[in-house]
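Generate coordinates for the entire structure from the input sequences, incorporating the hints supplied.
Numbering (the numbering used here), first residue to last: 5 to 265.
Bear in mind the hints are in silico, worked out from the structure with no lab data behind them. A hint or two may mislead.
Stated by the list, open to error - List time: in silico DSSO-like cross-link candidates among lysine-lysine, alpha-carbon distance up to 30 Å:
(1) K262 x K216
(2) K216 x K81
(3) K216 x K227
(4) K167 x K262
(5) K262 x K227
(6) K262 x K202
(7) K167 x K227
Said to hold, decoys possible - FRET-style restraints, in silico, Cβ to Cβ:
(8) E155 x A76: 31 to 39 Å
(9) K189 x K216: 12 to 20 Å
(10) T104 x R210: 24 to 32 Å
(11) P98 x Q199: 45 to 53 Å
(12) E14 x P196: 37 to 45 Å
(13) D263 x E110: 37 to 45 Å
(14) A76 x T193: 38 to 46 Å
(15) D73 x P196: 37 to 45 Å
All C-beta atoms in this analysis are idealised placements derived from N, C-alpha and C, irrespective of residue type, glycine included.
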Amino acid sequence: MKGQKAMPLEIVTIPCLSDNYAFLAHDAVTGQTGLIDAPEAAPVLKALDDRGWTLSHVLLTHHHWDHVDGLAGILAKQPAKVIGAAADANRLPPLDQQVTEGDSFEIGGEPVQVLDVSGHTDGHIAFYMPESFAVFTADSLMALGCGRLFEGTPAQMWVSLNKLAALPDDTLVCSGHEYTQSNAKFAITVDPENQALKDRIADIDRARAAGKATVPSTLALEKATNPFLRAADPAIQAKLGMVGADPEAVFAEIRARKDRF
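Have a look at this one:
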């Protein structure tokens, strides 16, 4: 029942395809389980079966094939309520519930808040679970990066990233891809004196050498090391020859450089 949730949701990271992630968010009291994005059916079904969990909700962040193509196979074995953006409904699989920014719903008694994080695509949304200290960002804010602007503008993405950066620092950032090591190689080119970034790169290299995931990360770590959140930083602005420039313009330059990297 609402108000009686005893603990945060248990979050499980599921590697899919070659470099995607899906996530499960499970409430032990009610047994409800949400899946965030559906890149591939088999690993998701195995993760559910291994734990004896029953799927209750599927949350879709955006329409790209590598976030939705596993849905039909998952629902064939584990029927669930499918939730996605009203603005993207014409490009998503059939939705049981269409949501927009400011909407909320519950999984296992925990509120799930919807954020519009357009930029990578128009209609891209993120799902924030404040009681579990987690935000599911897919291809908006990523570990040491942000999604390529396939449909949106730098201005849109800058607004979206600032919206996410305003969440509590201890928020777990559950993003959609294992791109962290390649993102790090770019990040150091625009923020070469950042010791926190250097330390993170060493940690990333150790994790990947051991076959470990670098996702999720924390918002505090992203704010300290992710250049796409740091466009107002004087050192980055100086490196780019843009001292005193509007951070939105600096972000646009960082994104353009990453596109060419």
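Given pair status - K227, K262, alpha carbons within 30 Å: Roughly 18 Å between the alpha carbons, so the hint for K262 and K227 holds.
Hint check for P196 and D73 - Cβ pair distance inside 37 to 45 Å: Holds, at about 39 Å.
Proposed proximity, K227 with K167 (alpha carbon, max 30 Å): Answer holds: K167 to K227 is near 13 Å, not above 30 Å.
Pair hint outcome, K216 versus K81 [Cα-Cα no greater than 30 Å]: Holds. K216 to K81 sits at ~29 Å (cutoff 30 Å).
Distance restraint between K262 and K216, which requires alpha-carbon spacing of 30 Å or less: With Cα atoms ~25 Å apart, K262 and K216 stay inside 30 Å; holds.
Holds or violated: K262 to K202, with C-alpha atoms at most 30 Å apart: Roughly 18 Å separates the two Cα atoms, so the pair holds.
Hint check for Q199 and P98 - Cβ pair distance inside 45 to 53 Å: For Q199 against P98, whose Cβ atoms are near 49 Å apart, the range 45 to 53 Å holds.
Cβ distance range 12 to 20 Å for K189 and K216, holds or violated: holds (18 Å)
Beta-carbon spacing of E14 to P196 - inside the hinted bounds 37 to 45 Å or not: holds (39 Å)
CB-CB spacing for R210 and T104 relative to the 24 to 32 Å hint: violated (41 Å)
Pair hint outcome, K216 versus K227 [Cα-Cα no greater than 30 Å]: holds (22 Å)
E155 versus A76 beta-carbon gap, inside 31 to 39 Å or not: violated (24 Å)
Checked against the numbered hints above, the structure breaks hints 8 and 10 and satisfies the rest.
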